[in-house]
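Participant: Chains Z, V and E, in that order, are what the protein sequence lines are. Numbered according to my numbering, the first sequence spans residues 1 to 223. Numbered according to my numbering, the second sequence spans residues 1 to 84. Numbered according to my numbering, the third sequence spans residues 1 to 726.
Source of the hints: derived by calculation from the structure; they are not laboratory data. Among the clues, some could well be false.
[To be verified] Dumping the calculated DSS-like pairs for lysine-lysine here, alpha-carbon to alpha-carbon at most 30 Å:
1. V/Lys59 to E/Lys328
2. E/Lys409 to V/Lys20
3. V/Lys11 to V/Lys59
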Amino acid sequence: MRWGVLQFPGSCDERDALRACELAGGEARLVWHETRDLDDVDAVVVPGGFSYGDYLRAGAIARFSPAMEAVAEFAAAGGPVLGICNGFQVLCEAGLLPGALLVNEGMRFVCRQVELEVAAFSPPGGGQSSNIAGETLSIPAKHGEGRYWAPDETLDALEASGQVAFRYAPGQNPNGSAREIAGVRNAAGNVLGLMPHPEHAVDEMTGSTDGLRVFESVAGVLA
Amino acid sequence: MARARVLIRPKEGILDPQGKAVERALPALGFEGVGHVRVGRMVELEAEDPARLPELCEKLLANPLIEDFEIEMINAASSAPTNP
Amino acid sequence: MASRHRELGLTDSEYELICQKLGREPNGVELAMFSLLWSEHCAYKHSRKLLRRLPTEGERVVMGPGENAGAVDVGGGHAVAFKVESHNHPSAVEPFEGAATGVGGILRDVFALGARPIAILDSLRFGELDSLRSRHLLDGAVRGIGHYGNSIGVPTVGGEICFEAPYEHNCLVNAMCVGLAKRDEMVRAAAAGVGNAIVLMGASTGRDGIGGASVLASAELGEGDAAKRPTVQIGDPFEESKLLECCLELLGRGLLVSLQDLGAAGLTSSASEMASAGGVGVDIDVARVPLREADMEPFEIMVSESQERMLAVVEPAKVAEVVAVCEKWQTGAAEIGAVAEHGLVRVLRGADVVGEMPVEALVDGCPLYDLEPEAPEGWVYGNRATLGAGAGAAETLLALLATPSVASKRWAFEQYDSIVGSRTARRPESADAAVLAIPEAETAIAVSIDGNGRRVACDPYAGTVEAVLECAQNLACAGAEPLGLTNCLNFGNPEKPTPAWQLDRSVQGLADACEALGVPVVGGNVSLYNEGPEGPIYPTPVVGMVGELPRADAAAPSAFAAAGDAICLLGPFEPTLEGSELAKRRGELGPGLPQPDVAAVAAACAAVRDAARAGALASAHDVSDGGLACALAECAIGAGLGCRVDLQHLRERGCTPEEALFGEGAGGFVLSGERARLEALASDGVAVLYLGQVGGEEIEIAAGDRSLSLPLADAEAAWRSLGERL
Chain Z
1 MRWGVLQFPG SCDERDALRA CELAGGEARL VWHETRDLDD VDAVVVPGGF
51 SYGDYLRAGA IARFSPAMEA VAEFAAAGGP VLGICNGFQV LCEAGLLPGA
101 LLVNEGMRFV CRQVELEVAA FSPPGGGQSS NIAGETLSIP AKHGEGRYWA
151 PDETLDALEA SGQVAFRYAP GQNPNGSARE IAGVRNAAGN VLGLMPHPEH
201 AVDEMTGSTD GLRVFESVAG VLA
Chain V
1 MARARVLIRP KEGILDPQGK AVERALPALG FEGVGHVRVG RMVELEAEDP
51 ARLPELCEKL LANPLIEDFE IEMINAASSA PTNP
Chain E
1 MASRHRELGL TDSEYELICQ KLGREPNGVE LAMFSLLWSE HCAYKHSRKL
51 LRRLPTEGER VVMGPGENAG AVDVGGGHAV AFKVESHNHP SAVEPFEGAA
101 TGVGGILRDV FALGARPIAI LDSLRFGELD SLRSRHLLDG AVRGIGHYGN
151 SIGVPTVGGE ICFEAPYEHN CLVNAMCVGL AKRDEMVRAA AAGVGNAIVL
201 MGASTGRDGI GGASVLASAE LGEGDAAKRP TVQIGDPFEE SKLLECCLEL
251 LGRGLLVSLQ DLGAAGLTSS ASEMASAGGV GVDIDVARVP LREADMEPFE
301 IMVSESQERM LAVVEPAKVA EVVAVCEKWQ TGAAEIGAVA EHGLVRVLRG
351 ADVVGEMPVE ALVDGCPLYD LEPEAPEGWV YGNRATLGAG AGAAETLLAL
401 LATPSVASKR WAFEQYDSIV GSRTARRPES ADAAVLAIPE AETAIAVSID
451 GNGRRVACDP YAGTVEAVLE CAQNLACAGA EPLGLTNCLN FGNPEKPTPA
501 WQLDRSVQGL ADACEALGVP VVGGNVSLYN EGPEGPIYPT PVVGMVGELP
551 RADAAAPSAF AAAGDAICLL GPFEPTLEGS ELAKRRGELG PGLPQPDVAA
601 VAAACAAVRD AARAGALASA HDVSDGGLAC ALAECAIGAG LGCRVDLQHL
651 RERGCTPEEA LFGEGAGGFV LSGERARLEA LASDGVAVLY LGQVGGEEIE
701 IAAGDRSLSL PLADAEAAWR SLGERL
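Here chain Z stands alone, though its shape is the one from the complex:
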């Protein structure tokens, strides 16, 4: 299993993501934003941080990078893509995932452990061991612009087609996201984005290890 973790100017959590990918099983390397080089990569992670300083809108500039063009092709061909926090924002800006992330309702950055409910979820490959549907995961969230929004018709459609991947457990929504949505999938099921940071929940020393389940389930898309 070979992971490629994108790196933009201003990315913060890319090294944490590398470590998490390796702990989840496999090798991981950084993919510099100016390259399109995904040839040897089985799965892509678009990491958290403040790519391009969040200037204009979070993720708005990163989505135009050569690396993201390559990721769009990779995703169209069915390759698994995981977008975390700023990565989720980049994927939404790029149109690879529906909706948008807005300023937190409380207008402040929030860093807090949250409980996530994993929604009904069957990876296209059908791999059982990586199926995390129905589980509750304890994962840290840390963001200032994480309020998920899409027009009502879109939200209805996402719910109907099982594209809502994660919801904040009752009372845990840190940012006012519509319908407590913390993460979504694309229709084909190979692109996943979420605001909380599973790469920061892979080691007992620093917190819970529930985040590993997310990486395993993305890897399971290939199984």
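Following the hints, put chains V and E in place on chain Z, whose structure we already have.
Facilitator: Just chains V and E now, kept in the frame of chain Z:
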């Protein structure tokens, strides 16, 4: 070289907490009767080909899902509001 | 020109000395540069003699005072660099940018050594929260720290926030940074190698921070021009993140001879200090400095405090490669000068020399002044009673827990990313010190930042000793042994007798405490002239300490762990109400503080540290603001478990019930765990008192006629009430 000013604001119907915060703070400062505040962004630029500005706005300066934009040509007599 | 020097803050005799050293009168550029380098902020003219008392040596010291930051060896070929700096005056003007650029500046000091920043901590002090101004400053400063630290991806892992009336006009924002470096990749600031190039990297140079020096402008300042000369520096963490990666890559590849950040006084101080450290001269051509505004004059370019810039010395053959690395990271690079033999700081504009001064005159020529200290008569700070004399014990405990200085700071630290980097083993509020894993060196470090103003005002010597001890106690709870200390001394006007006396006694206390604990001072900062219309701030030494522990999990959590665990008080704790939070709330503050027994506290620290490492402690928390009752309540609230204790044994040391509950002083540790294991920690020099047990839903403290019983939920509501006040 045409100079333009692009105003970008959150779409109606989307919660704008910054606008709300400004609105709430105004009475305490002595400004009554001010409402419907929306906080957005302003981008000024010079463009050789102003005809391409709407496309530039849609692709980069605004996110059409959540924002409206309006282009004002600064050195022209008229404004040219453009909404998708 | 005759009186311009006074407008720039130079005395007549200082001006005469400058003329003597130059052999002539200084021109505008030279005057600007002297006025900055000879200012208190850069020259430490009122504090430098005092600072010589501080112990700075130790076998683990890799870099001491005088470098961009201090550093200590942590084994495995690695060193930990750290320093604290103030950004008080800018934060009082514009708290968001002041605090943000304070963080930016201290980050640069650390990565200028070649250390990758791995943690930020900050110590903040404002006036009381019933002041709109203080709420505004608090809000802005917290957002600013969050903005800068979060954006650049360095976790903010600890800190303190305190509210006292004397800080109303002069808030304190002290930012500390910790970084990690490979010893053989670290670099010093000294410029070396005549003929080597001087390269300016990072953001372009504008008029930020020029402010006062603008009296030197050649053009007449019209009304609208005030906007052209901003005093507020604006920070850009995105720019700094690129600059940081660029510098670390350059150092890792051995492309730089030396590196220095640009902070206060911009190019003037960096170039001069690099030259002085290297015993060389420098030529700087302002025409080659990338500018943000077109028509800047040479003095403006030399004095600008635009952020996110670094100065490097590079061998000529490597300049092209350095520029290429900067381009890769999308950060600016310009060769602006060269190292010279002449021992001067020579400023050129193209071919013209526009200023020329001996390095030694600029950097070391400033006269150092002796203080004229005089102890004040009585208490000079005022008193305000906010808690009735008739308040019962439970009501008093609730009032203290809700006091903003004591209450949970969760409202603030949740605005900081405390986990990026995957090293944070103890997040804010979970242990008495932040704990960071250093897998590269197979070790871990604990970091704490602690200051005190009110108690130092009661007795500057004893209060400062206590601040150092508190830091050491926090580290001990985390199982850590102190390796080094950094400090920021925030005081009033040193030319006045009372602040002079406070500074003198405080530095002595700092020196004696560090000497007694065997902890070297590896760097620090001084901020003077913090005075408002009502007088000086509390004398406020802020201490940051880094300690090592063998494994990250050797740190005990602060909060109780399990019902049924025993609770003990370890250490030479002899509480009194002098200088306490309760005395403040009752309007009964006055001079005087008990003298701490440093040796006894050190022995207690060692016992707690070893016990934490041995896994003998379910929890460890030091007693500080609000006394033992507050410490017990905090342990209970954090655990969601009540406690039932009796303070009889403590009272046998001779304190009244009220002192036992709410008295303060050094040397108290609240420990929980297995009773036998805790009591076994006692020895000749270390006392352990059994207090009671964890359990239930109440906080029950027996203390003679001041016994109290309080539902845990009420205590929690009080302790978590800070957010509601804002």
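Participant: Which numbered conditions among the earlier hints are violated in the structure presented, ordered from lowest to highest?
Facilitator: none
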